[in-house]
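Enquirer: Sequence:
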Amino acid sequence: MAEEFGRSVQDGLKLSKRIYLGKDRAVTPPKPPSHMDKSPVAYLPTAPMVYAVISNPAIVDNPDIPSYQPHVHGRCDPPALIPLQMTRIELEADSYLDTAFVKISGSWRVHCVMGSESCDCRLAVPMGEQGSILGVEIEASRKLYYTELVAIEDRKDLEKEVRIENGGFLKPHTFTITIPKVDGGSTLSIKVRWMQKLLYHNGEFSLIVPFSFPEYVTPHVKKLPRKEKIQLNVTTGTGTEIVCKTSSHPLKGLRREVGKLGFSYESEVLTWTNIDFTFSYAVSFSHIFGGVLLQSPSLHDVDQRDMFCAYLFPGGHHSRKVFRKEIVFVVDISGSMEGAPLEGTKIALSAALTNLDSKDSFNIIAFNGETYLFSSSMELASEDTVERAVEWMSMNLIAGGDTNILVPLKQATEMLSKSGGSIPFIFLVTDGAVEDERHICDIMKSHITGGGSIHPRICTFGIGSYCNHHFLRMLAMISRGQYDAAYDIDSVESRMQKLLSRISSTIIANITIKAFDDLDEVEVYPSRIPDLSSDNPLIVSGRFQGNFPDTVVATGFFGDLSNFSLDLKVQKAKDIPLHSVSAKQQIDLLTAQAWFSENKQLEEKVAKLSIQTGVISEYTCMSLLETDRGNQAAESPGGHKLPWQVNPQKVDSQGRRRIFLRNLGVGFGNLTATAENLRPGAEESKLPEAAEIIIKAASNCCSIMCKQCCCMCCVQCCFKINNQFAIVLTQLCTAVACFGCIECCSEICCGGQET
Numbered sequence: 001m002a003e004e005f006g007r008s009v010q011d012g013l014k015l016s017k018r019i020y021l022g023k024d025r026a027v028t029p030p031k032p033p034s035h036m037d038k039s040p041v042a043y044l045p046t047a048p049m050v051y052a053v054i055s056n057p058a059i060v061d062n063p064d065i066p067s068y069q070p071h072v073h074g075r076c077d078p079p080a081l082i083p084l085q086m087t088r089i090e091l092e093a094d095s096y097l098d099t100a101f102v103k104i105s106g107s108w109r110v111h112c113v114m115g116s117e118s119c120d121c122r123l124a125v126p127m128g129e130q131g132s133i134l135g136v137e138i139e140a141s142r143k144l145y146y147t148e149l150v151a152i153e154d155r156k157d158l159e160k161e162v163r164i165e166n167g168g169f170l171k172p173h174t175f176t177i178t179i180p181k182v183d184g185g186s187t188l189s190i191k192v193r194w195m196q197k198l199l200y201h202n203g204e205f206s207l208i209v210p211f212s213f214p215e216y217v218t219p220h221v222k223k224l225p226r227k228e229k230i231q232l233n234v235t236t237g238t239g240t241e242i243v244c245k246t247s248s249h250p251l252k253g254l255r256r257e258v259g260k261l262g263f264s265y266e267s268e269v270l271t272w273t274n275i276d277f278t279f280s281y282a283v284s285f286s287h288i289f290g291g292v293l294l295q296s297p298s299l300h301d302v303d304q305r306d307m308f309c310a311y312l313f314p315g316g317h318h319s320r321k322v323f324r325k326e327i328v329f330v331v332d333i334s335g336s337m338e339g340a341p342l343e344g345t346k347i348a349l350s351a352a353l354t355n356l357d358s359k360d361s362f363n364i365i366a367f368n369g370e371t372y373l374f375s376s377s378m379e380l381a382s383e384d385t386v387e388r389a390v391e392w393m394s395m396n397l398i399a400g401g402d403t404n405i406l407v408p409l410k411q412a413t414e415m416l417s418k419s420g421g422s423i424p425f426i427f428l429v430t431d432g433a434v435e436d437e438r439h440i441c442d443i444m445k446s447h448i449t450g451g452g453s454i455h456p457r458i459c460t461f462g463i464g465s466y467c468n469h470h471f472l473r474m475l476a477m478i479s480r481g482q483y484d485a486a487y488d489i490d491s492v493e494s495r496m497q498k499l500l501s502r503i504s505s506t507i508i509a510n511i512t513i514k515a516f517d518d519l520d521e522v523e524v525y526p527s528r529i530p531d532l533s534s535d536n537p538l539i540v541s542g543r544f545q546g547n548f549p550d551t552v553v554a555t556g557f558f559g560d561l562s563n564f565s566l567d568l569k570v571q572k573a574k575d576i577p578l579h580s581v582s583a584k585q586q587i588d589l590l591t592a593q594a595w596f597s598e599n600k601q602l603e604e605k606v607a608k609l610s611i612q613t614g615v616i617s618e619y620t621c622m623s624l625l626e627t628d629r630g631n632q633a634a635e636s637p638g639g640h641k642l643p644w645q646v647n648p649q650k651v652d653s654q655g656r657r658r659i660f661l662r663n664l665g666v667g668f669g670n671l672t673a674t675a676e677n678l679r680p681g682a683e684e685s686k687l688p689e690a691a692e693i694i695i696k697a698a699s700n701c702c703s704i705m706c707k708q709c710c711c712m713c714c715v716q717c718c719f720k721i722n723n724q725f726a727i728v729l730t731q732l733c734t735a736v737a738c739f740g741c742i743e744c745c746s747e748i749c750c751g752g753q754e755t
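For what it's worth, our numbering labels the leading residue of the sequence shown as 1, then goes sequentially.
Please keep in mind that the hints were generated in silico from the structure rather than gathered at the bench. Among the clues, some could well be false.
Below, computed lysine-lysine pairings styled on DSBU-like, alpha-carbon distance capped at 30 Å [said to hold, decoys possible]: (1) K143 to K227; (2) K600 to K498; (3) K321 to K197.
The following label-pair restraints were derived from C-beta to C-beta distances [stated by the list, open to error]: (4) C244 to I347: 43 to 53 Å; (5) C244 to I398: 48 to 58 Å; (6) D64 to E3: 46 to 56 Å; (7) Q130 to E268: 47 to 57 Å; (8) E165 to E387: 49 to 59 Å; (9) I347 to S206: 23 to 33 Å; (10) K600 to K14: 17 to 27 Å; (11) K600 to V553: 29 to 39 Å; (12) G239 to M395: 48 to 58 Å; (13) Q304 to D575: 20 to 30 Å; (14) K514 to S264: 50 to 60 Å; (15) S116 to Q304: 49 to 59 Å; (16) T278 to G239: 22 to 32 Å; (17) S527 to G420: 23 to 33 Å.
Bear in mind the structure is a predicted one, so any value in this text is a computation, not a measurement. C-beta atoms are modelled at their ideal positions from N, C-alpha and C, and glycine is treated no differently.
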């Protein structure tokens, strides 16, 4: 889909050369990207952008100065995408703890379509680290649009209503949505909101927002003043000083308080910014630091229990010893892993082996329908052993066969059963789904509960969309492990290396917060607190009833197995929306639990939380509501009560047209794709119903007419006819197919009865 999108933009830029710009020398035609790379990937959006969807090239023209160019015959299939000119852009980011909420407001003009015509427009929004779309509001010349999450009872009815072009994810964390029938020459005012994670490295938090606009979105009239604005608010919640490190744009300080910062940037520019917005800062403490934030629910909250958020930051200097590790790499080598997924995995694992300490031990289990072991027992990570392991991987990690996860996981657990004085890890990599996933969770859970004080951590890494990411998250959650994924195969190596670095830098294990036992009721996400890594802060959240003391104690083990204990100060969170900050984490973990337990009440709980916070889930669907500008009932998403259950329908009770998008969740795995060894990113081809009916009709008619004729006879006959006869024959076959369609339609509509 991404490559097709890029090619459509290429076609759109070529098509936009038809636009007459007038005799004014101050205007210039659009320029393609200056990159040496002219591949379709170079045309993917690097900032929020809007495109005119052009199927009929004849409507492409300057809406202000018609050029009266010769008529263009034919249609664009797939439609060309002409990037619209941007006339205004504003960025607002609010950062809390490890999460940022981003809002982009901008205006785009349909400069490439005749004033008497209209076209669909497509909004594309690339988001930052682990970005999750929250909502879109659009003002067109005659219509208002906004997105809304709804829970659907009947997914089969929804699938019939949804069209691919309505919107969805172009790439992981690149959201698209289509705005229907926008008049040529009109202006679209758009607000889009999403949440994303801050990056953390060496004690510094970094916010990176895609904000690099290509030159061809700059309006042709160079004398037109253009303003770009940025506003940034940082609230750490720690109550300690913030040290600013770097910024991509010249920010002006607005306010500075303990634990809070405010900045702004505003400038008149000739061309829009061509670099992403980045900002990094450090919280001034060198040691392990933590706290607990409390907040009461709002009146409209579906859960009226109080909220808490506990955090542990590893600090900037790590003099503490990391754990000695025993790690078993369990690697999927089924046929679908062939190519980039397996090659990226080999590179990441080779780097991880090289970084192991000589006192660490490891083993490698490759699996498809069978298992293949590097060694029959754990091996110390000496230089010679690591070299042999890398060579073994290059010789034995060859894609082929099916997928069986349970057997290698059992073998890895047995290998680590006698570990002592170290922290054992199982690092599972897979791109497929299997039928016995809940059974696997049950078996691993029984092994873990019966283990020693430091049981094996199962760290899971999913590749693509065919594996069950909720199964992998559940495996990690029940074992205090870590989970990550690469939905895009190009990011397998980089994301896997980050996860491996995180688990190899564990500095505190078996963390508990004692105050939880004294509360009347408490719900913690995740239920088993993961280990603290020097590469990542630890944040747990939840709901409770009872009284939190002024100070709580967090305990655990250091890498040298000495005891860890830290007093966490409890304070009210006045300026941090805890409900929104913790929403995605809670939805992800609750979804994994709902899948594992097959609990409908949990599914309903996830759906309600998703609708209330705007965070997408497996049990909700995003829709675009369209209303006339005069209809005040739907002008603001916050001005009406969000629905709990909505049946798929084009017009609701308030006269608003509802357009459903594809399910934005990752799904629960694809057993069929796994069995067929489809590679990650490969789309299953399925003909639309209409196409199937027409093909069936044509084939039925041909079979009736040509019962006595074989295919070779037809081929030989076609070689002997002239062009004129070929045209007549084509028209005749089309007419016959139409009669066949009529017959098929009567069968469908009337159930085979006489009409």
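Enquirer: Would you pick out the hints that fail for this structure and give their numbers low to high?
Expert: 2, 4, 6, 7, 10 and 14
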